[in-house]
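Enquirer: Listed below, chain by chain, are the residues.
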Amino acid sequence: MDKVLTETQIKILFEQYYIPLVEFSWHIVKCREIALDIVQDTFVKMLEKVEELPSHEKAIKSYLYTAVRNTALNYIRHQKVQDEYHQINPLNEIDDARILDAMIYAETIHNLYKAIESLPKSCQEVCRLTWLEGKSNSEAAELCGVSINTIKTQKRRSVELLRHRLAPVVSVLKSFVLIFF
Amino acid sequence: MREPMDDEYVKAAELVSKYIRGDISEEEYNELMDMAKKYPTLRSWIANQDLPLEEINKRLTDYQTINVEKEWQSVLEKYRHNTNRKTGHRTWWAVAASVLVICGVAGSFFLKKQKENRFAEKTQQVMEVAPGRTLATLTLSDGTVTVLEEEEERTVVDGQMTLSISGSTLDYSTAKNATVQHHKLHVPLGGTYHIQLADGTKVWLNADSELEFPSAFTGDERKVTVRGEAYFEVAKDATRPFRVQVGKTQVEALGTAFNINTHLYREKIKTILTEGKIKVSTPEDSKIIEPGYATISGNGNRNIEIGKADLEEALAWKEGYFYFNSKRLKEVLDDIARWYNVELDITIPLADKRYIGGIKKSESIAAVCAVLSDLTPYKITIVGKKLQVRE
Chain V
1 MDKVLTETQI KILFEQYYIP LVEFSWHIVK CREIALDIVQ DTFVKMLEKV EELPSHEKAI
61 KSYLYTAVRN TALNYIRHQK VQDEYHQINP LNEIDDARIL DAMIYAETIH NLYKAIESLP
121 KSCQEVCRLT WLEGKSNSEA AELCGVSINT IKTQKRRSVE LLRHRLAPVV SVLKSFVLIF
181 F
Chain D
1 MREPMDDEYV KAAELVSKYI RGDISEEEYN ELMDMAKKYP TLRSWIANQD LPLEEINKRL
61 TDYQTINVEK EWQSVLEKYR HNTNRKTGHR TWWAVAASVL VICGVAGSFF LKKQKENRFA
121 EKTQQVMEVA PGRTLATLTL SDGTVTVLEE EEERTVVDGQ MTLSISGSTL DYSTAKNATV
181 QHHKLHVPLG GTYHIQLADG TKVWLNADSE LEFPSAFTGD ERKVTVRGEA YFEVAKDATR
241 PFRVQVGKTQ VEALGTAFNI NTHLYREKIK TILTEGKIKV STPEDSKIIE PGYATISGNG
301 NRNIEIGKAD LEEALAWKEG YFYFNSKRLK EVLDDIARWY NVELDITIPL ADKRYIGGIK
361 KSESIAAVCA VLSDLTPYKI TIVGKKLQVR E
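Chains as they are written, first to last, in full-length UniProt numbering: chain V, 1 to 181; chain D, 1 to 391.
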């Protein structure tokens, strides 16, 4: 069942799992740059590996989570040695529960991210500007070089699409929409 | 590295995420409730559907700005920098592996056969380019330069110290030192040399390399300076660390064996550890590595990089082999030019392919050219003191 993956196959996994793995890693190390590095290093190791990786989709996913967790925990252990005198990292209680929480965040972020990514490009841009960067409709209109009405239409369309993709709508999405508008 | 727990964790995380989204099936819901008995943390997720939205929103905003394609490029960059990278393409790896068999294992036989057959005539005209011999120069404290030839038995005197030379080894461990002298061993293009320092540490120097060292070690450290490529087998002495200065990088060891190479990368220093433990330091960074790992330090790099090492790379040259693990053709040719002391004459751009293999250094350059011409799409010949690479 196991096989050696090609660079292209690894790239596909990277595109698919990079964001959730960064989120997962962030919950362990609590630093954006280090979280990015840890996931990248994990993929560098995969590229270097001539030995086999699991080929099954589900097995690959847990392989990736495990690899990132191990790299992150190694980093923390190393960090602890360096920070012996400064207890700046409240990382003593990395227990299984926290790993599981991190995974739940990662999966949730993954779904939201995928939903936004799957919107048409113009809607994505409007989403990014108005929802995520807190720009007003008129600011977004100026940045996109379109009229305010276009922005409003794009926003409405995005909400409908997101609602459809993340449906059935639950309280979470409702609060999301509330936050966004 | 993998624990069975992780499969279950991923499953649990997926189920909670589905539950939050509201598209969980009854069967999945029951499964989740079973898991919640085992993992109490799940219960708080199920009980409290209100996610810390502001927090999630903040990070999601950030993730939207990440260019995944660009991040992948930096993964590839890191991978290419890494010393132990096998190759980018698995298909090429298969080809390379067979090259290893041909050149590495059956190398000598294969090369001989080539020589006897179609290259018999050519070798005649090019024999004047001999493979490198064991040969070096030793600069004494007063600036006197002594030439060390192959297979010679004699002694060198510096002040009150008498050194013995035997075969291709210079031995300081048996010399009687009245005073500490500063010596420099230089190995030119086309040579290699072996030296035993006063403390019993053995050092192999590759072609175009230099070692500066004291004739005796006094004080609380043993310190030498190196340029080029050298392999160290450090004599154990827990009280006096052995330190090697290479440019701005310092390698510290306590009874250990490692290889240092500055020839490989532009301005970069690669240190491969084969035994024991070493600490590699630069003015900005410091790393401790275990056997089987290598560091890359030097100009332009603030941080010392660590990667898995290929021990063959560290050991092959001192056993009399060129060894290249996934080196570009240009790097292989550079090594060969250094050993045979010839100039490279390349007029065409070389493909970015990588090669794995070994060539016995005692072979004639004509035989080496013949093998390389066979393995690469180029015509590689020796004309006078020039190694020509043509389409």
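Please keep in mind that the hints were generated in silico from the structure rather than gathered at the bench. Some hints here could point you the wrong way.
[As the list claims (entries may be wrong)] Dumping the calculated DSS-like pairs for lysine-lysine here, alpha-carbon to alpha-carbon at most 27 Å:
hint: 1; chain 1: D; residue 1: K308; chain 2: D; residue 2: K327
hint: 2; chain 1: D; residue 1: K202; chain 2: V; residue 2: K45
hint: 3; chain 1: V; residue 1: K49; chain 2: D; residue 2: K379
hint: 4; chain 1: D; residue 1: K279; chain 2: V; residue 2: K45
hint: 5; chain 1: V; residue 1: K49; chain 2: D; residue 2: K58
hint: 6; chain 1: D; residue 1: K287; chain 2: V; residue 2: K11
hint: 7; chain 1: D; residue 1: K308; chain 2: V; residue 2: K49
hint: 8; chain 1: D; residue 1: K330; chain 2: V; residue 2: K45
hint: 9; chain 1: V; residue 1: K114; chain 2: D; residue 2: K37
hint: 10; chain 1: D; residue 1: K353; chain 2: V; residue 2: K114
hint: 11; chain 1: V; residue 1: K152; chain 2: D; residue 2: K58
hint: 12; chain 1: V; residue 1: K49; chain 2: D; residue 2: K37
hint: 13; chain 1: V; residue 1: K11; chain 2: D; residue 2: K277
hint: 14; chain 1: D; residue 1: K379; chain 2: V; residue 2: K30
hint: 15; chain 1: D; residue 1: K202; chain 2: V; residue 2: K30
hint: 16; chain 1: D; residue 1: K78; chain 2: V; residue 2: K45
hint: 17; chain 1: D; residue 1: K11; chain 2: V; residue 2: K45
hint: 18; chain 1: V; residue 1: K45; chain 2: D; residue 2: K379
hint: 19; chain 1: V; residue 1: K11; chain 2: D; residue 2: K70
hint: 20; chain 1: D; residue 1: K58; chain 2: V; residue 2: K30
hint: 21; chain 1: D; residue 1: K70; chain 2: V; residue 2: K121
hint: 22; chain 1: V; residue 1: K30; chain 2: D; residue 2: K18
hint: 23; chain 1: D; residue 1: K78; chain 2: V; residue 2: K49
hint: 24; chain 1: D; residue 1: K38; chain 2: V; residue 2: K49
hint: 25; chain 1: D; residue 1: K379; chain 2: V; residue 2: K114
hint: 26; chain 1: D; residue 1: K360; chain 2: V; residue 2: K45
hint: 27; chain 1: D; residue 1: K18; chain 2: V; residue 2: K45
hint: 28; chain 1: V; residue 1: K58; chain 2: D; residue 2: K287
hint: 29; chain 1: D; residue 1: K38; chain 2: D; residue 2: K78
hint: 30; chain 1: D; residue 1: K327; chain 2: V; residue 2: K11
hint: 31; chain 1: D; residue 1: K361; chain 2: V; residue 2: K155
hint: 32; chain 1: D; residue 1: K353; chain 2: V; residue 2: K11
hint: 33; chain 1: V; residue 1: K11; chain 2: D; residue 2: K78
hint: 34; chain 1: D; residue 1: K202; chain 2: D; residue 2: K78
hint: 35; chain 1: V; residue 1: K45; chain 2: D; residue 2: K38
hint: 36; chain 1: D; residue 1: K202; chain 2: V; residue 2: K49
hint: 37; chain 1: D; residue 1: K58; chain 2: V; residue 2: K121
hint: 38; chain 1: D; residue 1: K37; chain 2: V; residue 2: K58
hint: 39; chain 1: V; residue 1: K135; chain 2: D; residue 2: K58
Enquirer: Has the given pair, K38 of chain D with K49 of chain V, been kept, meaning a C-alpha gap of at most 27 Å?
Expert: With Cα atoms ~35 Å apart, K38 of chain D and K49 of chain V exceed 27 Å; violated.
Enquirer: Between K327 of chain D and K11 of chain V, does the CA-CA distance stay at or below 27 Å?
Expert: OK: K327 of chain D and K11 of chain V at ~23 Å, within 27 Å.
Enquirer: Given the hinted pair K330 of chain D and K45 of chain V, is their Cα-Cα distance within 27 Å?
Expert: 26 Å, holds
Enquirer: Is K18 of chain D within 27 Å of K45 of chain V, Cα to Cα?
Expert: 31 Å, violated
Enquirer: Can you confirm whether the C-alpha distance between K379 of chain D and K114 of chain V stays at or below 27 Å?
Expert: This hinted pair is violated, its Cα atoms lying about 52 Å apart.
Enquirer: CA of K49 of chain V to CA of K379 of chain D, is that 27 Å or under?
Expert: 33 Å, violated
Enquirer: Compare the distance between the alpha carbons of K45 of chain V and K379 of chain D with 27 Å, and conclude whether the hinted pair is satisfied.
Expert: 36 Å, violated
Enquirer: Sort out whether K277 of chain D lies within 27 Å of K11 of chain V, counting only the CA atoms.
Expert: Roughly 35 Å separates the two Cα atoms, so the pair is violated.
Enquirer: K202 of chain D and K49 of chain V: Cα distance at most 27 Å?
Expert: 34 Å, violated
Enquirer: Is the Cα-Cα distance between K58 of chain V and K287 of chain D 27 Å or less?
Expert: This hinted pair is violated, its Cα atoms lying about 36 Å apart.
Enquirer: Straight-line Cα separation of K45 of chain V and K38 of chain D no greater than 27 Å?
Expert: 33 Å, violated
Enquirer: Is the hinted pair K202 of chain D and K30 of chain V satisfied, with a Cα-Cα distance of at most 27 Å?
Expert: 47 Å, violated
This entry does not satisfy hints 2, 3, 5, 6, 9, 10, 12, 13, 14, 15, 18, 24, 25, 26, 27, 28, 29, 31, 34, 35, 36, going by the numbered hints stated previously.
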